[in-house]
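Undergrad: In the order they appear, the protein sequences are chains D and S.
As numbered in the UniProt record's numbering, residues 1 to 216 make up the first sequence, in order.
As numbered in the UniProt record's numbering, residues 1 to 216 make up the second sequence, in order.
Hints listed in this document are in silico derivations from the structure and should not be mistaken for laboratory results.
As the structure is a prediction and not an experimental result, all values here were calculated from the model.
Check each hint, because a few of them may be wrong.
Since copy identity is lost for identical chains, a pair holds within one copy or between any two.
Only pairs whose alpha carbons sit at most 25 Å apart, straight line, appear in this in silico DMTMM-like list of lysine to aspartate or glutamate [claimed, not checked]:
hint: 1; residue 1: LYS55; residue 2: GLU30
hint: 2; residue 1: LYS133; residue 2: GLU175
hint: 3; residue 1: LYS133; residue 2: GLU68
hint: 4; residue 1: LYS197; residue 2: GLU101
hint: 5; residue 1: LYS133; residue 2: GLU93
hint: 6; residue 1: LYS197; residue 2: GLU144
hint: 7; residue 1: LYS197; residue 2: ASP151
hint: 8; residue 1: LYS11; residue 2: GLU101
hint: 9; residue 1: LYS11; residue 2: GLU134
2 protein chains.
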Amino acid sequence: MARTAGSDGEKTEATIREAAVNLIARFGYEAMSMRQLAAEVGVQAAALYRYFPTKEELLFTLMREHMEGLTEAWETARPVNADPVQRLSAYVENHITFHIERRHATHVSNMELRSLSPERLTQILRMRTAYEKELRTILRDGAETGAFSIDDTGLTAMALIQMMTGVIVWFRPGERLSIGEVTTRYLSMTMRLVGAKIDAYSAARPFGRAKDAAAF
Amino acid sequence: MARTAGSDGEKTEATIREAAVNLIARFGYEAMSMRQLAAEVGVQAAALYRYFPTKEELLFTLMREHMEGLTEAWETARPVNADPVQRLSAYVENHITFHIERRHATHVSNMELRSLSPERLTQILRMRTAYEKELRTILRDGAETGAFSIDDTGLTAMALIQMMTGVIVWFRPGERLSIGEVTTRYLSMTMRLVGAKIDAYSAARPFGRAKDAAAF
Numbered sequence: 001m002a003r004t005a006g007s008d009g010e011k012t013e014a015t016i017r018e019a020a021v022n023l024i025a026r027f028g029y030e031a032m033s034m035r036q037l038a039a040e041v042g043v044q045a046a047a048l049y050r051y052f053p054t055k056e057e058l059l060f061t062l063m064r065e066h067m068e069g070l071t072e073a074w075e076t077a078r079p080v081n082a083d084p085v086q087r088l089s090a091y092v093e094n095h096i097t098f099h100i101e102r103r104h105a106t107h108v109s110n111m112e113l114r115s116l117s118p119e120r121l122t123q124i125l126r127m128r129t130a131y132e133k134e135l136r137t138i139l140r141d142g143a144e145t146g147a148f149s150i151d152d153t154g155l156t157a158m159a160l161i162q163m164m165t166g167v168i169v170w171f172r173p174g175e176r177l178s179i180g181e182v183t184t185r186y187l188s189m190t191m192r193l194v195g196a197k198i199d200a201y202s203a204a205r206p207f208g209r210a211k212d213a214a215a216f
Numbered sequence: 001m002a003r004t005a006g007s008d009g010e011k012t013e014a015t016i017r018e019a020a021v022n023l024i025a026r027f028g029y030e031a032m033s034m035r036q037l038a039a040e041v042g043v044q045a046a047a048l049y050r051y052f053p054t055k056e057e058l059l060f061t062l063m064r065e066h067m068e069g070l071t072e073a074w075e076t077a078r079p080v081n082a083d084p085v086q087r088l089s090a091y092v093e094n095h096i097t098f099h100i101e102r103r104h105a106t107h108v109s110n111m112e113l114r115s116l117s118p119e120r121l122t123q124i125l126r127m128r129t130a131y132e133k134e135l136r137t138i139l140r141d142g143a144e145t146g147a148f149s150i151d152d153t154g155l156t157a158m159a160l161i162q163m164m165t166g167v168i169v170w171f172r173p174g175e176r177l178s179i180g181e182v183t184t185r186y187l188s189m190t191m192r193l194v195g196a197k198i199d200a201y202s203a204a205r206p207f208g209r210a211k212d213a214a215a216f
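Using the sequences and the hints given, assemble the complete structure.
TA: Structure below.
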């Protein structure tokens with residue numbers, strides 16, 4: 001990770017991470033052995049341990065990088081000087097796009113928290129909480145300005161996150177809907193769920209299918 | 001299962017199932033061994049195989065019984081001669097209550113589909129599809145009568161199911177909200193999401209904390 005960009009070491013590390021995500025998503029973390037992973041990558045087990053001294057170190061790295069990637073994606077996508085409706089739209093779009101593109105890594109991050117040591121679990125949960133807090137802040141700001149009508153900010157944030165992340169359970173590229181179409185429909189459902197005013201919502205939507213937005 | 005109700009054999013089988021759900025939820029199906037399960041239950045491994053000839057048979061039984069339980073609970077909860085708003089309310093309440101009470105079994109059912117043989121996977125998915133179809137029918141009926149305003153029935157059904165099942169990720173009994181309070185808030189979000197008329201919704205809600213109580 002502190003290696004020169006594009007070096008052989010960095011490429012090997014990336015290959016290991018990708019193979020690990022796929023193996024864990026397929027068999028579960030506890031069932032995957034470092035020996036099996038080394039065979040999959042085509043290196044000696046000893047080589048693997050140079051990159052990841054322990055199996056848990058590997059798992060932690062996968063989860064930390066997943067959350068760092070999500071946080072960075074949101075920092076890039078987050079609109080400046082925008083109203084709550086625009087910010088919520090950006091959050092939904094970023095969240096769905098990020099997770100659809102990383103289905104296996106999302107699966108691993110959600111399912112294997114049980115195998116982290118307490119200190120590492122705390123680190124990952126802290127990153128998650130910070131990311132989810134961004135959504136709660138948007139919802140609270142929207143409720144305060146009257147743009148949204150929300151009973152329970154914390155619960156609404158959790159419901160939205162589960163609903164959005166759940167896309168990876170059923171979405172497969174190349175089927176009925178594109179990622180963009182899925183996102184548009186989830187945006188519409190999100191705006192209804194938070195009781196957004198239809199005018200504010202339509203005004204904030206740069207993309208098509210305004211006729212979707214029907215009654216709230 | 002064809003044994004006399006309450007017999008020793010039936011009790012042992014129930015104990016095995018419960019221990020298996022907990023072990024799989026903790027370590028994953030692939031990592032759990034029948035030997036480990038036998039030790040947990042306090043029987044010889046040979047005894048275990050009398051109930052479940054293979055590990056996959058055990059997994060399949062856990063998943064089939066989970067889906068049968070869900071389907072039976074819905075058949076009992078489903079209101080007769082009710083309008084779409086009442087039917088949707090009953091579906092949401094039943095879905096959330098059932099899953100909150102079976103957090104580990106839900107976890108296993110959602111995560112370990114990957115380990116079923118193709119024929120058994122097909123059986124489980126068929127049961128799921130039938131259960132989800134009930135929700136799609138309610139949404140479609142509501143859209144046709146004008147009670148709901150929905151863009152995409154299939155997508156809305158998936159979004160609602162992920163949102164509702166997601167409750168098990170963060171809900172813990174004895175914290176801020178009771179199951180009844182969580183359900184009430186999720187009902188409110190659901191009705192907004194499907195564009196239900198708020199009056200129809202309020203009028204259709206006879207319940208308050210119907211059946212918080214006994215775990216399975």
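Undergrad: Does each hint hold? Answer for all of them.
TA: Right, here's what the structure says about each hint:
1. Proximity of LYS55 to GLU30 under the C-alpha cut-off of 25 Å is found in both arrangements, the shortest distances being 9 Å within a copy and 17 Å between copies.
2. Proximity of LYS133 and GLU175 under a CA criterion of 25 Å is satisfied inter-copy only: 19 Å between copies versus 33 Å inside one chain copy.
3. Taking the closest pair of Cα atoms, LYS133 and GLU68 come within 25 Å of each other only inside a single copy of the chain (15 Å); across copies the shortest separation is 38 Å, beyond that limit.
4. With identical chains, the CA atoms of LYS197 and GLU101 are never at most 25 Å apart, being 30 Å at best within one copy and 36 Å at best between copies.
5. In the homo-oligomer, the alpha carbons of LYS133 and GLU93 lie at most 25 Å apart inside one protomer (17 Å), although the nearest pairing across protomers, at 28 Å, exceeds that limit.
6. With identical chains, the CA atoms of LYS197 and GLU144 are at most 25 Å apart both within one copy (14 Å) and between copies (24 Å).
7. For the homomeric pair LYS197 and ASP151, the shortest alpha-carbon distances inside one copy (16 Å) and between copies (17 Å) are both at most 25 Å.
8. Only within a single protomer do LYS11 and GLU101 lie at most 25 Å apart by alpha-carbon distance; the minimum there is 20 Å, versus 46 Å between protomers.
9. In this assembly of identical chains, the alpha carbons of LYS11 and GLU134 never lie at most 25 Å apart, being 33 Å within a copy and 49 Å across copies at closest.
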